[in-house]
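Each chain, written out:
Protein chains: 2
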Amino acid sequence: MKEFILKANKSATSGDINIKDLPGSAGRLDLVCRCVNSSFFLSHDLRRDTVFYSVHYGEPNPPIALKFIGDELKRLSPDERSIALFIKKALEKDSSKLWKESTAGIYTAKQEFRDLILEKKNENYRIFYLHLNGKPLEECNLKLNDDDDEDILFVLGDHIGIGEDDEKFLDELGAERISLSPVELHADHCIILVHNALDKLKNNE
Amino acid sequence: MKEFILKANKSATSGDINIKDLPGSAGRLDLVCRCVNSSFFLSHDLRRDTVFYSVHYGEPNPPIALKFIGDELKRLSPDERSIALFIKKALEKDSSKLWKESTAGIYTAKQEFRDLILEKKNENYRIFYLHLNGKPLEECNLKLNDDDDEDILFVLGDHIGIGEDDEKFLDELGAERISLSPVELHADHCIILVHNALDKLKNNE
Ligand SMILES: C[S@@+](CC[C@H](N)C(=O)[O-])C[C@H]1O[C@@H](n2cnc3c(N)ncnc32)[C@H](O)[C@@H]1O
Ligand SMILES: C[S@@+](CC[C@H](N)C(=O)[O-])C[C@H]1O[C@@H](n2cnc3c(N)ncnc32)[C@H](O)[C@@H]1O
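Same order as they appear, the protein sequences are chains Y and U. Residue numbers for the first sequence, in this note's numbering: 15 to 219. Residue numbers for the second sequence, in this note's numbering: 15 to 219.
In isolation and in its complexed conformation, chain Y is listed as follows (with noise of 0.2 Å):
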């Protein structure tokens, strides 16, 4: 399985949201959005091997993480509006520790951003954490091939990053740091260029 979890420190916590202003009152769940596009669209097909996750830190009741399972989406449009509208039904529910399903693959939960890693690290997730000054992806040494692939988390930030406390939670956790380009980009633009190196490693082995 292919993870990804973005820190979203300023996202909606409640399914009060302005449709029409995702980047300011809904605290960038414009890119969210995006980074839910990158992670699952293909061509004319969605990546079923993909499950993205973020982790909100906005107002009212934070944290709330949302769950996307690539093999359970359903009526998925790869526009911002209306995966914005997914997510606003979803942050609608009521919130417990335990994952509840909104629509088709979507999940939302009670969950704090480090103890969704650290189940990762405890169900035996490789663990990335993409950085402008790690090492590149394709040296890393991944198992892709079908019958026995490995299982890989990837971490991101926002626009604000994650924090130097969350660095060092990675560190202390083991996380491989990883850059997939000399400048800095953008959350759903990271996501792109890992599913492309993970498609040319997959295709060359």
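Remember, identical chains collapse to one label, so a pair may be satisfied in a single copy or spanning two.
For lysine-lysine, the following DSSO-like pairs were computed, each having C-alpha atoms within a straight-line distance of at most 27 Å:
#1 Lys214 x Lys135
#2 Lys124 x Lys182
#3 Lys34 x Lys103
#4 Lys34 x Lys24
#5 Lys102 x Lys24
#6 Lys214 x Lys157
Keep in mind that the hints were calculated from the coordinates and are not lab data.
Model the placement of chain U with the ligands on the given structure of chain Y, informed by the hints.
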């Protein structure tokens, strides 16, 4: 200069657009907006060395070409809605053969997809057609050092592609087919990958 040109087969050709329905009645204008995002946005900066064109063949007044000049853009946000509002404004202008500026860095003209490409050919641009079955961009021996950058045009299709006639036209023009991935992707994702390949090549020079 790095330039991209998208053929937007169904995209609107007047400002009479419903911003809430970019994928439907505006003819996949959501994709055009995402291509603008991919062309220009860096983490906290814009790509000033890039120009993006989209040529619209939807109703009611095809063709209409849009031109976005990275070095002139102002107040552009990365979300689809705010890019769509700029496009709507540009499409509200009366169009003639001559480029007319709408807002800073955004121009419209009544120009054909092929004529724009021919113009670049006459200006000695090297022309690449993005295609699933091309050769890798990394193998094209690009000149990317600052004092003597090559002028390059990348041609892309939308969800429909550019069509057989335009493919033939590009072949006759000597356009090189390049592939970015073993899987078929959305046009906006392709732009991210082109930028990344060039960023890396330039960094390694
Ligand atoms: C807009 S950037 C973060 C900018 C923020 N000001 C900071 O200093 O962390 C968003 C996220 O994309 C990822 N990222 C950006 N550029 C990258 C690169 N060249 N290589 C790997 N990851 C990158 C990082 O995870 C980063 O947190
Ligand atoms: C959604 S695809 C086009 C699909 C359309 N059904 C077709 O057959 O042409 C959009 C555009 O992205 C570009 N593209 C898609 N996948 C690509 C790849 N792997 N390598 C290079 N360009 C690609 C092509 O220019 C294509 O026209």
